[in-house]
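Guided by the hints, dock chain B onto chain A, whose structure is given.
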Amino acid sequence: MDSGWLLFATIAVPLAACLTMMAIPSQYKDAIRWVALAAGFTMFVLSVIVFAVYNYKDGGLQFDLRLPWLEDVAFFQKDGITLHLAVDGISVPLVLLTGIVILSGVFISWNIEYRNKDFFILLMLLVSGVFGVFESMDLFFLFFFYELAVLPMYLLIGVWGASSHFGTYTRTKEYGAMKLALYLVGGSVLIFIGIFAVFVEADKGTFDLSVLGQVTYSETFQKTFFPFFLLGFGVLAGLWPFHTWSPDGHVAAPTAVSMLHAGVLMKLGAFGIIRVGMTLFPEGAQFWAPALLVLGTTGALYGAISAMAQRDLKYVVGYSSVSHMGYVLMGLATLNPIGVNGAVLQMFAHGVMTALMFAMVGAVYDQTHVRDMTIFGGLSQRMPRFTAFFAIAGLSSLGLPGLAGFIAEFNIFVGLFKEYPVFGALGILAAAITAVYILRMLAMAFFGPLNEKWAHLKEMRLLEQVGGAILIGFIVFMGVWPDPFVDRISQSVLALPGIS
Amino acid sequence: MDWSLLAPEYILAGWAAMVVSVDLFWGRLRKDHLAYLAATGALVATLVSLVYVNEDKSFGNLIQIDNYATFFRVFFGLIAFFTCLASAQYVKDRLLHPGEYYALILLTAIGGIYMAAAKELLTAYISLELLSFSLYVLTSYAKFDLKSNEAGLKYMLLGAFSSAIFLYGMSLIYGVSGTTSFTGIGEALRGDTSEFALAMFLGLVLIIAGLGFKVAAVPFHMWTPDAYEGAPLPITAFISAISKAAGFALFLKLFAEAFMPILDDWRWMIAGLSAATMTLGNLVAIQQHNIKRLLAYSSIGQVGFMLVGIAALSPDAGSALVLHLTGYVITNLAAFVCVIIYFNQTGKEEIADYAGLAERAPFLALCLSIALFSLAGMPLFAGFATKFILFQAAAQEDLLWLSALAVFMSFVSLYYYLVVIKQMYLVEPVEKVRLPVPRMEYAVVAVLTIGVFLVGLYPQPLFDGVENATQFVFAASQGAAVAGGLGP
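Protein chains in written order, with this note's numbering: chain A, 26 to 525; chain B, 70 to 557.
Hints were generated in silico from the structure; no laboratory data involved.
Hints are not guaranteed to be accurate.
In silico negatives: residues of chain A with every beta carbon more than 10 Å from chain B [to be verified]: (1) GLY84; (2) LEU86; (3) TRP94; (4) LEU180; (5) VAL184; (6) GLY211; (7) VAL214; (8) LYS248; (9) PRO362; (10) ALA468.
Derived BS3-like pairs: lysine-lysine, alpha-carbon spacing no greater than 30 Å straight-line [claimed, not checked]: (11) B/LYS161 - B/LYS223; (12) A/LYS248 - A/LYS443; (13) B/LYS212 - B/LYS161; (14) B/LYS223 - A/LYS54; (15) B/LYS491 - A/LYS204; (16) B/LYS212 - B/LYS126; (17) B/LYS491 - B/LYS212; (18) B/LYS491 - A/LYS54; (19) B/LYS212 - B/LYS223.
Note that the structure is a prediction, hence the values are computed from the model and not measured.
We put the CB at the ideal spot given by N, CA and C, even for glycine.
One chain only, chain A, in its complex shape:
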């Protein structure tokens, strides 16, 4: 069998699950859950297989599959638009990440009662789009799946989300949902324009990235159109100053959606910058790298400082995502192998740990219906496992050796110091601030004397523990044995044009 069908299956399984769930009457809530779990588990297994079977010694694109979609008509020539799926060392860890987070997300959302059929249908649609972006080697389909991943977000947040109350005013979930949808689609306007321009300039009559990647674009063209991809994808990657949708959107979203969104969707943006921007326009990337570096660093610092000022647990995690995505962008801006390596590692590491943090915040919110850390205290006495999970995610986030975050941030900083020592120092400063807000959060909410108000709290449910344990497994796995990741990523990063 052609191994490319494995990738096809990762996209088709969630879509098939959507159709199956549509056929189930909405009162059979358990049947729907089991279908979602079956789909989530299948995706997880498929993504693990893809990750394990990918041969890093050969490198390059593997699991190639081409299904013609539109050709030999109007300005499309042969292979005009093909569903061309393939993965390289950069997308393989991200495919794995998606598989992990969706399985964990299904566990975490197990207890959703309100219209759970619609919820899981939209969640599956979202995941299908995410896999599609990571696996598409056709510009049209990459963008198709990109928009597909954004499409269900509005409803997911608007219907199942929660508003935040700040005493004097309320940030409604509708606000968060609309802001997120408009920012992301607004960003894709720029991508759209960039795609049109590339197609015309290349004049090959095809959207296939492997063909478009071989064209040499003029320097002016590269410099003009790289920012379109950088900013367009950058919005989704939480690029400062277009990051403001991210804390509001993530806070308003239901737990599993925050996990997927902060954990995986934001990586679509950074991945798009690599796959489209840096691959097609190496000289443009060279030219704009300083700007990216400044914006990325600002984001990393700004996110960290904002997180320090928050009282709402979920806002802390939301701003920490902005901060960590800032590292990713800094790593990309170095344009040297080690920095870009670090950026991709960070995408994976941040994906797993932020998903875990959102899952844990969701678990406590389900019981208490508040997220203000100042009124918690001593939760560890009632929820020891929960506290341990949260602490592991937090420690990984601040870069403790032995956990996933360390290896990623270390690479980024080494890459930075090679090119821009000052920014390397600023990056480390941001990491230091991260330590402050993470430890402050742990101290305030989980340790210290038990606030009697919370004496009734129970340990999290078994399913939540299972969901969290999967994520923790990978945080530790990558922390103690990063080789499988580094091997896969580094050869593909070296193969990128303009990386030296």
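Showing chain B alone in chain A's frame:
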């Protein structure tokens, strides 16, 4: 004269007469059965027109039956078919004289078909008038509704005015080129035009203004919101589908066959018109509270997108335009049928009335959301693929700025479509009673929604067909052109 070329239209006209007579002489027939009768006629005409696939014959140099005509015969036949089905309940509940109503729908389709098939100006004009007059009557069909009367009057007055402009433009073009045949005009324009440049230019401007009115391009769009709001709902759907589609069929053919040689003289005009139309349509749509007016302004915005295809006129852009037109019509009909169903059941048409529709009629809410997402150009649905191809076609012709503006305006449109979706999914319903959806209308919506998915997920067959059709109107500009005039 090969009279057999016009068989589908004989069927349509004969069927229209039959529907009126049946209504007259068989008074006890259930009124919604007239709708099914008329729909059958439209379907029969559609099937018969398939006989002419790959035909390329002219009817006395007035009408050309080629694949372009056949494509639009099928297209308009199906529009009439779906409109009749969607009207059944509405007309039975709310309108008098159903016989004439359905007959006029069939006659409108004939007008639309000949607009696409005409190969000279006067035939095009007469077909345009047949279409417009039928629509004027249909717009004011709700006799006792003031809004409907006002809408019909406004539509007719402005329509007559624009027809005069169109005619004057035609006369100027005839004056300078000495022929009314599209290809003949093209031939004349290919030669030396310096002597009559001004008259020709004026004629062109007037023709653009006249056609601009018919398709509701800014600044000739003023009639649209009122006509849309006042007309009976199924007629609003019908206008938004057929008058746009037929207008663009004529627009494309006229400009490809006649005015292609002086492309540089008018491209900037159409591009400007397109930019103004999409900007105004989409921005004003944000303000609307009534679903009909929202769809009216959104359809103005959509016209702006379609004009992109005319501005970028080339064989590729022509096919892209017709592809988009098809996708748009299917989507828009789907959206309107949902609105019609809701109106039939509740009599309400404010956006705020859609609160909680997802709980009261999940299927209806889903289909309406799909249609709206498709109009906004989201993936899986027709709008994404067809817009992508259309705007790419414009970028191919050095109109990247126009594609960029179009994409941006599509993004703006997402906002107001989301507002409707928000009402349906996020807001709690006022009354939690489930809304019954009649089976017939259920089926119509389902078929149209499947169409939206088909165009969005696998456009290759449709696109091949469209290209096969549009190549006929570009044949003259590419190969040997035959000079012609009015036949004997």
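These are the hints, each one checked on the structure:
1. The Cβ of A/GLY84 sits about 31 Å from the closest Cβ of chain B, beyond the 10 Å cut-off, so the non-interface label holds.
2. Distance check on A/LEU86: its Cβ is at least 24 Å (rounded) from any Cβ of chain B, clearing the 10 Å threshold; non-interface status holds.
3. Its closest Cβ contact with chain B, about 7 Å, brings A/TRP94 to no more than 10 Å, contrary to its assignment away from the interface.
4. With 10 Å as the threshold on Cβ separation, the claim that A/LEU180 sits away from chain B is violated: the shortest Cβ distance comes to roughly 6 Å.
5. Not every CB of chain B is more than 10 Å from the CB of A/VAL184 (nearest about 6 Å), against its label as outside the interface.
6. Its beta-carbon lying about 6 Å from the closest one in chain B, A/GLY211 breaks the requirement of being farther than 10 Å from that chain.
7. The claim that A/VAL214 lies off the interface is violated: its Cβ sits roughly 5 Å from the closest Cβ of chain B, which falls inside the 10 Å cut-off.
8. For A/LYS248, the condition that its CB be more than 10 Å from all CB atoms of chain B holds, with the nearest at approximately 16 Å.
9. Distance check for A/PRO362 against chain B: the nearest CB is about 34 Å away, which clears 10 Å, and the non-interface claim stands.
10. The beta carbon of A/ALA468 sits about 38 Å from the closest Cβ of chain B, which is more than 10 Å, so the claim that it is off the interface holds.
11. A distance of roughly 26 Å separates the Cα atoms of B/LYS161 and B/LYS223; the hinted pair therefore holds under the 30 Å criterion.
12. For a cut-off of 30 Å, the pair hint linking A/LYS248 to A/LYS443 stands: about 24 Å separates their Cα positions.
13. Of the pairs offered as hints, the one joining B/LYS212 and B/LYS161 holds, with about 14 Å between alpha carbons and a cut-off of 30 Å not exceeded.
14. Taken as a hint, the B/LYS223 and A/LYS54 pair is broken in the structure, with Cα atoms around 54 Å apart against an allowance of 30 Å.
15. Simply put, B/LYS491 and A/LYS204 have alpha-carbon atoms about 13 Å apart, close enough for the 30 Å limit, and the pair holds.
16. Using a Cα cut-off of 30 Å, the hinted pair B/LYS212 and B/LYS126 is violated, with the two alpha carbons roughly 43 Å apart.
17. For the given pair, B/LYS491 sits about 35 Å from B/LYS212 by alpha-carbon distance, which is inconsistent with the 30 Å threshold.
18. Between B/LYS491 and A/LYS54 the alpha-carbon distance is near 24 Å, which keeps this suggested pair within the 30 Å criterion.
19. Taking the CA atoms of B/LYS212 and B/LYS223, the gap is near 15 Å; set against the 30 Å cutoff, the hint holds.
Hint compliance for this structure: hints 3, 4, 5, 6, 7, 14, 16, 17 are broken, all remaining hints hold.
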